[in-house]
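K.L.:
Listed below are the residues making up each chain.
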Amino acid sequence: PFVHASKKTPIRWRLQTYAGPALAEHVIKPQIDAFNKIASGDMVIELYNADQLVPTPELFRAMQRGTIDAVQSDDDSIAAPVDVAVFAAYFPFATRYSLDVPTLFNHYGLNEIWQEAYSEVKGVTWLGAGAWDPCNFATKQPIRSLADLKGKRVFTFPTGGKFMQRFGVVPVTLPWEDVEVALQTGELDGIAWSGITEDYTVGWADVTKYYLTNNINGAWVGSYFANSDKWEQVPEHLKTLFKVTMDSSNYYRQHWYWWGEAHYRTKGGKLELTTIPEEEWAQVEAEAIKYWDEIAATSPRCAKVVQILKDYTETMKKAGKPYRYA
Amino acid sequence: MSYEMIALLMCTTLMVLLLTGQRVFGAVGFVGAAASLLLWGDGGSEMPFNASMVLLNWFPLLTLPLFIFMGYMLSESGIANDLYKMFHVWMGPLNGGLAIGTVVLMVAISAMNGLSVAGMAIGTSIALPEMLKRGYDKKMITGVIQAGSSLGIMVPPSIVLVLYGMIARQPVSQLWLAGVFPGLLLAVLFIGYIVVRCKLNPALGPSLSFEERSSISRREKIALLRAGIVPIAIVFMVTGLFMLGVTSLVESSAVGAAAAMIAAMAKGRLSRPVLDASLHKTLSVSCMFMWIILAALCYGAVFDGLGAVHAIEILFLEKWGLSPWGVLIMMQVSYIIMGMFLDDTAMLVIVAPLYIPLIIALGFNPIWYGVLYTVTCQIAYMTPPFGYNLFLMKAMAPKEVTLVDIYGSIVPFVTLMVIGLGLIITFPQIALYLPELYFPK
Amino acid sequence: MFKALVTYTKYVDALNRLVGKVAMYLMFVMMFILLYASFSRSMLNSPVVWAVEMAQFTMAAYYLLGGGYSVILRGHVRMDVLYSTWSPKTRAIIDALTSFFLLFYLGMLLYGGISSTAYSLEYGQKNYSAWAPPLSPIKIIMVVGIVLMILQCVSRLIKDISKFMGVDMLKTYGDVMP
Ligand code: NA
Ligand code: NA
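Chains as they are written, first to last, in the numbering used here: chain B, 1312 to 1637; chain C, 12 to 452; chain E, -9 to 168.
Among the hints, erroneous ones may be present.
[As the list claims (entries may be wrong)] Result set (BS3-like, lysine-lysine): computed pairs, CA atoms no more than 25 Å apart in a straight line: (1) B:LYS1473 <-> E:LYS116; (2) C:LYS292 <-> E:LYS11; (3) B:LYS1601 <-> E:LYS116; (4) E:LYS79 <-> C:LYS405; (5) E:LYS116 <-> B:LYS1433; (6) E:LYS0 <-> C:LYS292.
Because the hints were derived from the structure by calculation, they are not lab data.
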């Protein structure tokens, strides 16, 4: 903004991401810069960070009304009014590796299910999903057993939070940008919002001390959405360009998080690693399968997704190493 | 219309509307709402209400009504009367001693509440009449009370630092610690000024007469020191428990409100009319702040959407070619000028988000910057035409204090604050010593 | 017509006084929720999931429902550099004229509020949290608060115009309006 584009009036989009500035620098900004560069004045996307123009909980609504043209977020955070939103972000133990996400969407039929779900909501078009990082706990006190989780106030996603309540975790939801401060002022004991890469990138590693290596999900599922009318007004070649840059962003996140998880665990220097023994953690995994069945009972479409997740897990187990080691 | 034009239009329209005397929130809200329509058409029509959802999610704001109520409870509870009596008796024998005692009283009140209203109420109702009765220079003492009560936003707990922390995303615990020494420094500057003035001209602050002094026995003097116990207990329960991590920030404000109420009850002063008056004032002041923040959030979001952060950076660094220190001083000067005309809450919500990213990018410490900002707020409270302490002083001062006295009284104290600001800029350790001691990097 | 307007101000003022006096006590509700949360966490070692959210909802109700009453209490600051130099009549007419801007803002606030509330009802929107309470109740309360604010500002507008036209304020409205 404040810089004049070329004389022909470009298509202007306001895209708001769920991510704060430090994270947006990696997960979206390069994509938008590339898009604007290639679109060379035919279309300009202005990027806004978490809560910058619209508070995240109102984001879906804002996109539907056209206050915002496009959104990068998970369906859960923006409270998308579709039944499958529950599977977005971190559905407990749904994925193990970040490659699981594109595999599930492209080869196991989730793309079609998501398209169908969003076709029932007026005004918003779902453009596609990609993988982010795993979900681990970073805390001020060490977590070495399930008992240590009891009573901890943890910043996390609603779905994951609801699930972890079964183990005594007290889920807290705050505007993303307030988390670092809340950890310092005593409103929070920890976070279960990301893997270690983001903990270091956004500064949470400076205000927590321990990192639990057991994760409750291997890869966050996030999506791109657009206001339907605005999307329809975009010419075909720019639609394709946008989708291609979506994939370039999806690709960058694949290797950045994969690199970061190993790098910061071994060379980060700020967080001490702790682990809950496999046998004990298996209780959480077993509980998650019960949770899956509860969610499957909420709608036929959810049942379909849960079945796909089960089939997928089964296939991975059968395939053996390197897909599964036990 | 270009983005620069819209930004310029927003600022000038706001200025004109404010000059008409329309309520600040109405003026700010209108410009924000109209600009979002102009900029984004129908899509912008929900920006004003979106701001209310932002406000809903801003948990630190919960401290605002609770700290305000706490302040009113304290001024009604009579704690201040006992404290004043203590300082009166102990400091009275000195030339200007009652004024010095008032500054110390203001520091104590500041340690128990987060704004300047309680200090103003206590200063004008208790200290001012006593000093006028004893022939103190009215211009000097009106200044003392205005400047002294403004320490309420610097000495922890501080609502201004909570708001700053919310906008700058900085931990309130560190900001509060950072405010301790600057608050004391300013108090020392005020006292130094009083001492020097009264030394040169003892008629400005006559010492207590021998008769009055000898009417109080040594035993009574010692007994008066007990007035300090309750305030110390309250400071511990609010700021102490929060710093120790026992209470969270918002809980500490609830503890403070409850503690002040209990103190008033224990003194037998929690009558129905007192409670009713405190609740009314709390609602009135909280609504004023909340509605201004609501309006300013919309204005600020539109401003942000125009890319104003980037524009400020280009203006300061590229067009004017300022050095980092030049930028910092420029910002403080702009705050002081804006603070004359604008409500400081609106100033914070609209302007601070533009400045803070640049401050951090230039390598300055945002905690220290919060303290600098707070000093400029203190100045803004006192400088005409728009200043909360000025308004309060006009409303609460006894008849013999004229408007000319009030305006004249602020000159030396604003000068002292600017000197204090200069000292804190030159020696950042004044602010940063405590936070770095308790939160080592 | 004039009589109807006077009646309007009487009813609206009375309504806002009533709602405001109730809203005023919400401060205690916030206080108790937070004290309970603090006690439950530090003494009973069982943190309360809903405490801060509930306190935030209460605060939204507090300042929005109390908005109209705060106008009656003249709680909203103005920049009075020129304002304080004008005669009461001049103030009244300028206030009446500029209240167009105020009402425009409040109107947009209401428009957004209604649309957002309708959405929350249509889609059963829940707060973004594990507690996940429905958002429509608090949004409805917020909209009511905005409506009360608009009603009060219109009441004030009627009084400002009356004052400018030389109506005996004390006799007609029981209000001197400094
Ligand atoms: Na204070
Ligand atoms: Na001022």
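K.L.:
Check the structure against each numbered hint from earlier and tell me which ones fail, lowest number first.
P.N.:
none
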